Structures are given as C-alpha cells and as structure tokens.
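Participant: As a plain string of letters, each chain reads:
4 protein chains.
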Amino acid sequence: MIVVMRTDATMEQVNHVKELIREMGLKDHPIVGTELTVVAVIGDDRKKDRGRLEGAPGVDRVVPILVPYKIASRETKRERTVVRIGANCAVGGKQIPVIAGPCSVEGEKQIVAAAKACKEAGAHAIRGGAFKPRTNPYAFQGYGEDGLKMLAAARDATGLAVVTEVLTPSDVLIVSKYADCLQIGTRNSQNFKLLEACGDQPKPVLLKRGMSMTLGEMLQASEYILAGGNHNVILCERGIRTFEDHTRNTLSLSAVPELHYRSHLPVMIDPSHGTGHARLVPDMARAAVAAGADGLIVEVHPDPEHAWTDGAQSMTPASLGELIATLKRVALAVDREVV
Amino acid sequence: MIVVMRTDATMEQVNHVKELIREMGLKDHPIVGTELTVVAVIGDDRKKDRGRLEGAPGVDRVVPILVPYKIASRETKRERTVVRIGANCAVGGKQIPVIAGPCSVEGEKQIVAAAKACKEAGAHAIRGGAFKPRTNPYAFQGYGEDGLKMLAAARDATGLAVVTEVLTPSDVLIVSKYADCLQIGTRNSQNFKLLEACGDQPKPVLLKRGMSMTLGEMLQASEYILAGGNHNVILCERGIRTFEDHTRNTLSLSAVPELHYRSHLPVMIDPSHGTGHARLVPDMARAAVAAGADGLIVEVHPDPEHAWTDGAQSMTPASLGELIATLKRVALAVDREVV
Amino acid sequence: MIVVMRTDATMEQVNHVKELIREMGLKDHPIVGTELTVVAVIGDDRKKDRGRLEGAPGVDRVVPILVPYKIASRETKRERTVVRIGANCAVGGKQIPVIAGPCSVEGEKQIVAAAKACKEAGAHAIRGGAFKPRTNPYAFQGYGEDGLKMLAAARDATGLAVVTEVLTPSDVLIVSKYADCLQIGTRNSQNFKLLEACGDQPKPVLLKRGMSMTLGEMLQASEYILAGGNHNVILCERGIRTFEDHTRNTLSLSAVPELHYRSHLPVMIDPSHGTGHARLVPDMARAAVAAGADGLIVEVHPDPEHAWTDGAQSMTPASLGELIATLKRVALAVDREVV
Amino acid sequence: MIVVMRTDATMEQVNHVKELIREMGLKDHPIVGTELTVVAVIGDDRKKDRGRLEGAPGVDRVVPILVPYKIASRETKRERTVVRIGANCAVGGKQIPVIAGPCSVEGEKQIVAAAKACKEAGAHAIRGGAFKPRTNPYAFQGYGEDGLKMLAAARDATGLAVVTEVLTPSDVLIVSKYADCLQIGTRNSQNFKLLEACGDQPKPVLLKRGMSMTLGEMLQASEYILAGGNHNVILCERGIRTFEDHTRNTLSLSAVPELHYRSHLPVMIDPSHGTGHARLVPDMARAAVAAGADGLIVEVHPDPEHAWTDGAQSMTPASLGELIATLKRVALAVDREVV
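Residue numbers (the working numbering), protein chains in the order written: chain B, 2 to 340; chain H, 2 to 340; chain Y, 2 to 340; chain C, 2 to 340.
Hints were generated in silico from the structure; no laboratory data involved. From a predicted model like this one, the values you see are computed outputs, not experimental measurements. Glycine included, C-beta positions come from ideal geometry on N, C-alpha and C. It cannot be assumed that every hint is accurate.
Derived pair list, reagent style DSSO-like, types lysine-lysine, alpha-carbon separation capped at 30 Å [stated by the list, open to error]: (1) H/329 - H/204; (2) C/329 - Y/49; (3) C/19 - C/95; (4) Y/110 - H/19; (5) C/120 - B/19; (6) B/150 - H/48; (7) B/28 - B/120; (8) B/48 - H/95; (9) C/150 - H/95; (10) C/329 - Y/48; (11) Y/150 - C/178; (12) B/19 - C/178; (13) C/71 - C/150; (14) B/49 - H/49; (15) H/19 - H/110; (16) B/19 - B/49; (17) H/49 - B/117; (18) B/329 - Y/110; (19) C/204 - B/19; (20) Y/329 - B/95; (21) C/95 - C/110; (22) Y/120 - Y/78; (23) C/110 - Y/19; (24) Y/110 - C/49; (25) C/19 - Y/110; (26) Y/95 - H/19; (27) C/150 - Y/48; (28) B/49 - H/117; (29) H/117 - B/110; (30) C/19 - B/28; (31) B/28 - C/28.
With the C-beta cut set under 8 Å, the calculated list includes, among others, these residues of chain Y facing chain C [said to hold, decoys possible]: (32) 179; (33) 315; (34) 319.
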C-alpha cells in the first residue's frame, strides 16, 4: 500500500507513519515529492488493516496496491479452470453451455416437463429453485427437500445435470446430495458462513455476483470457497444495482473480460435477472457470448403467464430454442461452440 | 397494481389480461384513456407474482400500488415503537441513546477498557464484534463465543447493555444468550434464514440496511423478523453504495424521516460505516440527531492506530465525549434528549 | 398518471384531488380498492406538473403513465430511422459502421495519418475532438476552428466522413460547416440550449447518453433536437456512472434493445468511454454488435503512449483492423453486416 | 502518480515506463516490492494525461496522487471564503442564510408575493427561475429576460437579494445584470463554456453539484470559475443520483464536512431538490445546519398545488416560517446563527 501524506504533514508525522508500518512487520519506503510525501509500504500487507494508517495524524489517504485474493488470481494459475457440472456439462472450455429452467420448482410434473422442454430446445443443464430467497416474507418460499427430489426426477428423466440454490449453511449437505452444482444467490454473495460451508463439500459452486459488489469483492468471496479446498467455482454476473429503471438490474458485461483478466475461473452470465424482461434476454444472451462468457443461465418456464415467480423474465421453451440456434452462430463467430 | 397496456394493444389482449387477473382471484377494472388503456387490479395482490401479467402480450409494464409489508407499516400501528435494549437503554422515545465501542472484540482487557471509556464519555450501550463478517477471507474473523463472554464481562464491569452481530442461524441462540441486542449486518440484510431465526428468539434486533437496499426492501426484511413474533426491531441506516469516492458509503439521512413516515419502528444511524472516516463522524452524528434519528451507533477504540479492524473510522473515547456534549445541545434544539 | 391516495385519506381529500385534476383540464376516474383509493387521470398530462398533485393532502404518490416524448417514440413511427453521415456512411440499416479516430485532434499531420490508418483498418468514418470538454481546467482544451480544418483535411485525404463534438450553442454553426455529424457529449446531454441549437441546423447529431441519464430522459433530450426539425439523431450509449471501479463507466448494453423497443432512432455504442481500457474494447465491441447496435464509435490513436488525451482507452490501428475482422463475423451471425 | 506494474512485468517494461515518465518531463522513482514493482512519479503531473502510462505494456494501473484543482484547495488558502450576495446576505461566515422562493417565476405578481412571504418567514434572499432547464421539451421553459425583470421587482419590493439560474454563455451578461448571484444548475455543472463565462463576470456564482459528480470533479468545475478571476463561488450539494427510489435524489450531507476539509469555499445545501418531497425538507434542512452547512436554498411557493413546476417539493411560506424558527435553535447548538 501507499500512504499519501497531507501537503502540510510534518516530518514528525511522517516518522510516526514509518513507525506504525514497522510495527506491522512491514518495511517503509518514503518518497519526497515536489508537492507532498508518500510512504510506500513493502511486504505482504493483505492481512493488515490499512485503517490503522488512514487515521494517523498527517495522513491524507492510503492506497492499496496488492489485490486481496490469491487462489482466485490469474497470477497464481495462468491456465483457465474448467468446471464440470455432472457428466455432460463443462464450463470454461471451448463449449458454452446453456443452463435453463424455471425460477421455482412448482411440482414434479412442472419441473420434469420444463426439463424435457429445455433439453429439446438445446439446453445443457437445468436450473430450478427448491429453496427460494424471497424479498417479500409473504411470497412462496420453495418446496425445500421435496423440491430437490423433484429436480432429481427431472435429471433422471432427461440426463441433464441440476443446478439449484442453497440459502443457508445447514442446508448445504442436503442440497449437495441432490444437486450437481450449488448456486449461491446474489443476496448471499457475502454470507461468509455459507461460502465456507460450500467450500467444504465436493460439488461445484455457481457464485452469483452481489448486486452491489465490486469484482474485487466478488473474487474475495470466491476465495472463501477456494480456500476451503473446493476449486470448482463458477463466477456469474447477474446485473448490478444502479439508477437505471428500464431493467431490474444493469447487466455489466465488461465483467466477463475483466474477470478473465484477473482470474482463471470461468464466468457465466444470467441475462434473465440481469434484465428482468424476457424480451431483452435474447439480445443480451448473444452479447454475453460475443463478450466471451463461458456459459449462460436462463429462466425458462413452459407457461410464463402461470409461473409462480419471475414470470416477467421467463422465456418459453420455444423462444429458448430459437435463441440457442442464434447462439450457435455467435459462438462460432468468436471461435467458441454451443453444441 | 396497475397494468399499463401498450398504445397498440388490442381489445383481445386487454381481455386476456382481465382473465389473468380473475384467475389470480382478483378483480379487474379497465380504464380507457385518450392514449392508452390501463387495467387496475382490485384486491390484495401482495402475494401474487406480478411477473405473470408483465409478460402477457400487449402489456407495457405493471405498476405495484400496495406496499409489500404489513406489520412494519405505520398504517398498521400509528404509535411509535420503543425498543428496550437491556435495562437502561431505550430506542424510539424522547431520549436518543449512543451505542459505542470497537469494531472487533480484541481481548477481554481491551473490551472492558473500551466499555469503561465509552461509559465515561457518556455512551448508553456498548458494541463490539465477536463474530466478524470479513470481505477478505484472510482477515481476522473474530473470537466467536469467547468474544461473547468478553462482552458479557464488559457489561458486568459497566452496567452497559451489549449489542453484537450474529452471522448465521446456527449462532443465533448463543448470541442471544449473551447479548442484549442482536445486530444483523449489511451483508446479511437479505439472509432470510437468519432474519427468520432472529424473529424466533426474545432479544431485540438491530437490522442494518443492506448497502444496495431500497427502504421498501428494508421494511420487507424487518417483516421477516416481525412475522416471527419478535416485534423489537430497530432499523439502522449505515450508508449505501453509490459512485461517491470520498466516503466508504453514502450516508442517506433522508431514510430517517422517510422510515418514520412509513413505519412505526425506531431508526438509528451508524455514521462510522456511513462515512468510513473518523473525521466525518461528528458532523454526521449531529446531522443524524437533527434529522430525527432515534439513536446512534458509533465505532470507538481506545487506540485507533492499533485497532485490529476499522481503525480509520474509529473515534477515540475523548472525541466521543466531546461529540456527546454537542449532541446534547442539538437534541434539545429538536425537542429530544441525550442524557 | 395515477394518483395513489394514502390508506387513511378522507373522502374530502379524494374530492380535492379530483378538483385539482379537473382544474388542469383533465378528467378524473377514481377507483376504490379494498385497501386504498387511486384516482386515474385521463387525458394528455405530459405538459402538466404532477408535483401539484403529489403535494396535495392525503396523496401518497403519483405514478406517470404516458411517456414524455413523442417524435422519438416508436409509437409515432414504426419503421426504423436510417441516418446518413456524409455520402458513404449510414447508421440504422443492415450495415453497421465503425467510426474511429483519436480523442483529440493533435495536429493536421496526426489526424490525417490517423484517418488514413483507420480507413486502412476498415473504419467507415473518423472522429476527433477539436473542441474538448475537460474536467480539469488545466488540461488541453482543443484546437477549436483550426482543429475543424484539420479534420476537413483528413476527410479530403480519405473520403471518410467526419464526426466531431460541439460544446456550446455559439459554436454550432462553425462545427456544422466543417463536420458531417455533430456530436453532443455526455456532459452536455442535458444542455438544452445546445440541443435546441443542434435541432436548428442540417447536419445529423450523435447524442451521447448522460452518465446518469435514464433512457426516458435520453429520449426527451433527443426530442429537443427532433422538435427543432432535425430528425437525424443517433443515440449513443457510452457507459453510465455506477459504483463499479474496474471500468471508467459501466457500459449498459441493454440500452440497445430497450431503445429499439421504445424508439425508431438508431443506437450506437462507444466501448472506449464505456470501459476506459483499451484491453476491454474488443470484447465489448463484439458484444455491442451481437446486442443489435447500429454502429460503433471507437477511440484509435496511431501511438496511444503519446496521445495527448485518453491514451489508456485508445486502440492502435492494427488492433482496430483485427477487431473489425471479427466484427464482420459477429455481424453476420446476427444477420447484419460490417463491410 | 504511482504506476503499478503487473506482477509478471519484465525489467524491460519497467524501463519503458521510466522512459515515458522522463519524456513527460517528470522524474521516476521505482520501488521493488516483495510481490510487484511500482514506479512513483515525482513532479507536478496535473496537466499530464495518465492514460499514456496506463496503456503501456506491463502496467496494471495508474493511481493519481495530486488533486487536480489548485485555487479551490484549502492548501492554497487556509481561511474560509465568505461570499456576499447583495448587500445583506453573506455565505460562509457565522450566520447561515436561507435563500427561498419558487422554482419558476410565474409572473410579477406571483414572484413579488412570494418574495414578501419569504421575507416575512425569515428568508435572507430570494430564488426563482427565469430561464428553466426542463428535461421535457414540452414543459414551461421560463419567461427569460422578462422573468429577470420580475425578479428585480421582487428585490425592489423586499430588499432581498436575487439568486437565479443561467443556462448558456450568451445569457450570462443579461443574468449578471439583473441578478445578485448566478446559479449554475446540476445539468450544467460540467458545461465548461458556461463555467468560463461565469468566471468572467463580477457577480457571485452558486454552483450546484452535478447529479453524478464526485467532489473532486465538483472542485475542478469550480476551478473553471475561479481561474477566470471570479473568486466568489458557493458550492451547493443538491442530491446525487443513486438506486434509491424514495427520494428524487440522494442528499449526501457528508459533502459538507468533506468539502470544508478540501476547500475554503462555502457550502450550501438544497434540501428541496435533494429530496423532492416537501415533507422531507424540514428534517433535512435541520440536518444540513447540524452538519455544518453555510446556507440553505429552499423551494417555497405561496400555493404549491398551483405551482407551475416542482409543486411536490415546494413548502408554503407558513411552513418555511416554522422551519426557520427551528433552524435558529439548531444553528445555536452548533455555534452558528440564523438571524
């Protein structure tokens, strides 16, 4: 880190900062400029609280230099990570899988029908919520373990791997038992106990970006899972919260090349939550593939007008089929494949 | 809710929307305007998914009318709620308490000394983290139950009530055993399982606003606790995430009068996280009191330069004492009291 | 608009609202629901100030229904507008032009060389700033009319049309004389006098989105130009201001399909300002084409390390050439063309 | 500035960066850390484009150290600036003036009546728009010079100084002729030609913060006026654009102490635009005074339900009178005065 002194800082204040740095077990390197002095800190300061220096007299601000994640960093591992979900779906390689399905599991019949329709349309895995995080306490909260069994039935009926959300540490084992991939939702992206619990089980984890998370914070969240020994983490941009009002969230596609630049982990895009409107999903899905995304997760419901949740952003299986046909073409244009 | 049709919507599409509304068990009321048609929905639509209508053909958008919380609403309960923390601290009445203490419990000696110094300076309760939510997985995570015992020792030494954070449902009972008030942090503000668990224990709950939460979402989060039977909820604005870079967060003080307008629950302000810089805390604390806040929660450390966490935003006990002296004057100016 | 009354509103207050609506020359249509009353307003309320109703006793809020722009609206004109820039560049048709060039005109030699290199690389028009809006008053402000002459020389040397920014109404005539298309920058997107002046001259206008503008506000800004009689307006998304810190702005690509949904005007993307980093430009340019953009405007400098301004986000002509080669493939995949 | 190299940067790349720095007329100072190398730049780099270095091979990012404004900086002038508006209103001293009046000048009778009522209520200057910046091109645009004459009549009738907005450089002289203080609105806060024109006339300038402007950018905008020789600049926070939906803007009161920390210029607050709802104005006005604001500018209309513009956020003169009575008490509590 770099400690920037105020222009009117005294020599005594600079010396005090130097002492604090040494107390932290680090080396100081002061640089006297024409207008002010800065003190560079040498050593691994990632576990140190820079607040200690920020509050010291004469200090204007402290600028961090080292990134606060390690295992997720591309500097630690240059080759890209490929994460396998079930037997037939890989994220991070040349092929770009599409994970599709309804927001909620509404019954075995519905989820099996949805899975079959998604497979027919060309999807590579299915999604569906058994445990639902709902902003409104009076809204449908999901079927829980029964929902997981219905998802397993859908897998049995189609051969498609199952991705489903886990909400709390005590549910991790049961979700891990039924699902092929655990999803951590945007509202739990800094639920550190949940991240740790997901790091301590064998299934891959799809980590959604928090709606007001920077990419640095997202990589730190992934580090909680990685540090637990589970290296199969997929990062997923799903829209951030901004002032925009034409979409439910602002889908920030530049997260794809930037996360690829900083990390070896694969990056997916969720254009359904990222926009909130089914009519915007196809264009944004194509844009995601063109931007280099390693996969897509899309809400599809056999009958959106009767979906229990998220009907506005759910596509029909027929429109998914049309979308996948065009995704194949865009993927080829950027030397990838949707098969 | 109001369903706004596109200007080119057909009569058939309007009729289809009317049918969908009736299927949902609600009544439709179409209004044909000079430029377009809207269909008003009559009945309690709070548990219905408006996405079902948003996706229907010819629909431009759906505008919700009813607020999605009930128990938290001022329309349900006109008189203001007063929440008691321990024997001597009440939030929501004429008196405005100041809860002060370090970010982290760093040891029994430190927390007892901090509590004594805060009491001396005029604080009415103490805060300190035993379970720490850390963005960086390599940073100090708190002492856990040992930290809770140290907080209890600080209470024994001073008579001040203890407010401390709980991170995950399985810790709720242990934190509830030691603390006088459970705090739910910004990153857990939509951890619905944790909200539910806090609704199912007897201690009051201090609910921090999520950093990208609207006030409507915050009241829905409080509703999870209230619906569980625990009506002692304190709302706390602690800064939201915006583009501003001179503060760690943007402290949105208009949340105070607006939450008072919408709800009977008391509203506190955290000027420490709300700014991230100790030098901005006093002015914002005074502003909070002038805006009508029912309490303050402030980070104070006996030696900020050696704080393990959040040193930059921690005041010293001496500056807390000076601040409380001026808060007394501002409180009187708005017919409140800091005693 | 819809006036939502408070749940405790009296009949007298509802009647007062009805009177205010009639005073405004509009018709009222009250709807008594199970929980509250709303009053729908019938008639063209676009020129009315809804604040008059919002402040009335018993009113909770007022929800606008009609969009506040007309000429820009797709409901006014269903077929897409094609805007011609010079003789050889059209925006809004099947072909997707790439406008390229340096941030600033740094001299005749530089801009002519840049134009030649951009043409060689496959660009369809050139950009370059003669009048520069600079956040920092001590930074280079552009060559003014001399810069316009240098741009004209670059056009003469290459046959490429010239797009350049105009900063203030009194410069509109001179810029209009030299340029083929006038650009209005993000900081002037609500400089209404400038918008009006651009509506009163014959050259097409490239209107950049303000960095905190909603799409509705952007279409209202375009309406200023359109209402002056100039129907050749190109809308350009160039990134919005959010909390994100890995890019200079957050490029919101969903603006493309949404603007196409609301308006008949063509939509371009500026991936250079939209990211601020040359290394992110190619992926976002490809994503823009896949999302349906009608054109791209990209910063290219023959020697970015010696660019006077915006070096970090400028591509080299060689990398532009490679980008255009891949854009051709992506365009074909979505049934468009880069020729 | 500090150039942060990538961890895998080569010695050659570091040397190239050093050369670029020397080419810019600055000195380089490399620091080899345990994980990466940074190159500190020594000298006044405020007029240099750091993009040149950001794009160089092996560079991860460039961190600016020096602030890009000078005359506005508190380091240039330690004592606080007091700006006089007319004969009887000073901003920046012990007394805190309240500038009040309607959004628009709607006629001589209205503005004279409004001015008298505001004076009666205790206001120290009047505001009112003759030139109106309107998002909607079909909305009322103001009376122009006739409106200025009406404002002058209101001044004659009350002795109160007049603050009014100027929209474009060619109107600066005429507004400067009639007004006691020129206001630059949020949408023009980076209209650099307008800023320059206001720097070149003798009346004080009230500069509103742009709705997505950082404080650093705001001080740079003020520098445009100051650098022209006009040192009578008042900074005004009026709310920023965020995701919040309960207010028209998010009033960021921490701007007050932070601008006071960085600059000697006085700082006002506009709680009317800052919230958009008259019912929130009094609490936020009191909070502003408690936060250290040097003045307030408030929308007041004799009959808000018949205001032509901004009715929802306009107070009545009676409520202004009540507000000022409480402001006097809050001001005394923080050792200031409202007289």
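Participant: State for each hint whether it applies.
Facilitator: The hints, checked one at a time:
no.	hint	result
1	H/329 - H/204	holds, 28 Å
2	C/329 - Y/49	violated, 37 Å
3	C/19 - C/95	violated, 50 Å
4	Y/110 - H/19	violated, 67 Å
5	C/120 - B/19	violated, 57 Å
6	B/150 - H/48	holds, 26 Å
7	B/28 - B/120	violated, 59 Å
8	B/48 - H/95	violated, 43 Å
9	C/150 - H/95	violated, 49 Å
10	C/329 - Y/48	violated, 39 Å
11	Y/150 - C/178	violated, 37 Å
12	B/19 - C/178	violated, 56 Å
13	C/71 - C/150	violated, 37 Å
14	B/49 - H/49	violated, 49 Å
15	H/19 - H/110	violated, 68 Å
16	B/19 - B/49	holds, 15 Å
17	H/49 - B/117	holds, 27 Å
18	B/329 - Y/110	violated, 45 Å
19	C/204 - B/19	violated, 48 Å
20	Y/329 - B/95	holds, 21 Å
21	C/95 - C/110	violated, 34 Å
22	Y/120 - Y/78	violated, 34 Å
23	C/110 - Y/19	holds, 27 Å
24	Y/110 - C/49	holds, 22 Å
25	C/19 - Y/110	holds, 27 Å
26	Y/95 - H/19	violated, 40 Å
27	C/150 - Y/48	holds, 26 Å
28	B/49 - H/117	holds, 27 Å
29	H/117 - B/110	violated, 63 Å
30	C/19 - B/28	holds, 23 Å
31	B/28 - C/28	holds, 23 Å
32	179	violated, 18 Å
33	315	holds, 7 Å
34	319	violated, 14 Å
Checked against the numbered hints given earlier, this structure breaks hints 2, 3, 4, 5, 7, 8, 9, 10, 11, 12, 13, 14, 15, 18, 19, 21, 22, 26, 29, 32, 34; the rest are met.
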